[in-house]
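There are 2 protein chains.
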Amino acid sequence: MARIKVVQFGLGPIGIESLKFAATHASLEIIGGVDIDPAKIGRSLDELTGVSTLRGARVFDSIAALLASGARPDVILHTASSSAAASLAQVRPALEAGISVASTCEELIFPILRTPKETAEYDALCRKSGARVVATGVNPGFVMDVLPICLTGVNRRVDSLYVERVVNASTRRQPLQAKIGSGMAPDDFRAKFRAGRAGHAGFQQSLGLLAHAMGWTLDSVEETCEPVLAPATITTQFFRVERGQTCGLHQRAIGHVGGEAKIILDLQMFLDAPNPHDTVVVKGDPALHLTLAGGVAGDSATVAALVNIVPRLLAAQPGLRLMTELPLPSWVNPQR
Amino acid sequence: MARIKVVQFGLGPIGIESLKFAATHASLEIIGGVDIDPAKIGRSLDELTGVSTLRGARVFDSIAALLASGARPDVILHTASSSAAASLAQVRPALEAGISVASTCEELIFPILRTPKETAEYDALCRKSGARVVATGVNPGFVMDVLPICLTGVNRRVDSLYVERVVNASTRRQPLQAKIGSGMAPDDFRAKFRAGRAGHAGFQQSLGLLAHAMGWTLDSVEETCEPVLAPATITTQFFRVERGQTCGLHQRAIGHVGGEAKIILDLQMFLDAPNPHDTVVVKGDPALHLTLAGGVAGDSATVAALVNIVPRLLAAQPGLRLMTELPLPSWVNPQR
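Chains as they are written, first to last, in the numbering used here: chain A, 1 to 336; chain B, 1 to 336.
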């Protein structure tokens, strides 16, 4: 069988992890990378990753430049933006050429929510060219959407969904500890959230995907995000947070249908959070109560979700696809 | 939108539940039933179910007779056999006519395991006629196969899978309490299991489907089934079990790859079992530990899984399909 030709778009920490992981798969052949960083353009991917088998695969400043070089990937792994509109614009030359895209873009988990116009436009483009696009990940992409939806496959009746995720941010990398406001004055964090520059991305998309799968039309979504205050000084590898300063966030979104709270998503990410876990509660028939002890750590598993979705994506119908439209997620054995 | 025309094949307790549940779905139109019971043939489905909207939908003794009457279903809900070969033979006239089949047949969860010849033959037949077949359920079909596979979608590495299901059989219907050997002498139960007439059906199929999804070639499968002995007299609605008699079973299957135990399924179904639950443990990166508190009760949820899969099945490629080849399972809102 011919190997699947892969290009990695975005060579930040997640992109490099994605490349390294994809390089372990016998069925994948990495043929290039794309990044706008002048320090990376033109370099060979083995230099950037330390993976010697990637020698000869070069970094281009755009997909257009990559295609102009004669490279012809089957799929782009995209890890370069949280914005659906920006992500779609970035990969447009690939989509026009019928090349599929798997992305970690949070807004693309349920793109119709924020960018209905672009969703319709790019969906039509993909159907014409034969390309497929899907976004995946851990959150959004799994814990708060795909997993609860999968669970309801055995439900006769679903009255409401509740998902709770508690992350001990002390065990996570620097950007996450920064993102949750570590060390900020509580009011500064609140102001930053109100300005749309703090908080977990993809929350509303998870909620939208859940409502879509349940056939519920939301009449309103209420979202709050409060800082969690350090009860005492907390020191991590990256931050020192004094008592009373922000050590994380408590974000909550409630989706209402007919005045009833049908979907509640509750996310707590803070330093030294005790008992990290993911919990899904389905009220209905049967009632279901699922817990993932310890939770699913985001970064490393996000890269796995991205690479694991590739064969499913390439077998799907052309268009902008949702995770609910692709076959059951599964680990892909790298030796196969 | 035109409603999906449904025929129910098998009018035992599960079949009747399936009919009643399907009747609540706005998108489904029940147009007939099939059963070999002379007491049911020719009767109207409203008499058998108490659902008045099913008046006029009649019971035929075979699919051939139903088709000869001019009925033209889109899908057959099949709940009439645990044997893949028998099930496929029962629905053959439908498949020849391009009509799809959703089944609860345990062996059809992974039919290549026991009936490779029939699997190839019927798969070819379906690809030619445009029909699709899939089997689903709770166990097999969800707890010990689909759910663990879905979970591994976020895995970089899977070293082994362990699934444990503990069912308190005292809360379940009579046939299940009988199936697990309630009231039998322990040696009689052991002899019955050795003769292939006791134990949980579909265990090996779940294991086969897991191995298939993980890309593992099993070199051996070891299966054991021991009676659980009543520690004191147990009285249920249906059985009285004396101390020392069989009050249930403990069944275990281990799949080996390269001499290593890669998949372990452990099923305990006994009267008054404490702490019923379903647990999935994925060893690998990340390590995952999932628990469904209380577990997922089989019968009612099996009917839900069967009806919920219908739209996914009808959108799938023709052929004998596995649950891993269909889109993510989901509840189907009956009002849609």
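Just so you know, not all the hints are guaranteed correct.
A pair counts as met if it fits within one copy or between any two copies, since identical chains are not told apart.
[Unchecked claim] With a straight-line cut-off of 20 angstroms between C-alpha atoms, the simulated DMTMM-like cross-links for lysine to aspartate or glutamate are:
# : residue 1 : residue 2
1 : Lys20     : Asp285
2 : Lys179    : Asp272
3 : Lys283    : Asp299
4 : Lys283    : Asp46
5 : Lys283    : Asp74
6 : Lys179    : Asp285
7 : Lys117    : Asp272
8 : Lys192    : Asp159
9 : Lys179    : Asp219
If you are wondering where the hints come from, they were derived from the structure by calculation, not from laboratory data.
Tested hints:
1. Lys20 - Asp285: between (44 angstroms within a copy, 15 angstroms between copies)
2. Lys179 - Asp272: within (15 angstroms within a copy, 49 angstroms between copies)
3. Lys283 - Asp299: between (30 angstroms within a copy, 18 angstroms between copies)
4. Lys283 - Asp46: neither (50 angstroms within a copy, 30 angstroms between copies)
5. Lys283 - Asp74: neither (42 angstroms within a copy, 31 angstroms between copies)
6. Lys179 - Asp285: Classified as neither; 38 angstroms inside a copy, 25 angstroms across copies.
7. Lys117 - Asp272: So lysine 117 and aspartate 272 fail the 20 angstroms test inside a copy (42 angstroms) and across (57 angstroms) alike.
8. Lys192 - Asp159: So lysine 192 and aspartate 159 fail the 20 angstroms test inside a copy (35 angstroms) and across (42 angstroms) alike.
9. Lys179 - Asp219: neither (30 angstroms within a copy, 48 angstroms between copies)
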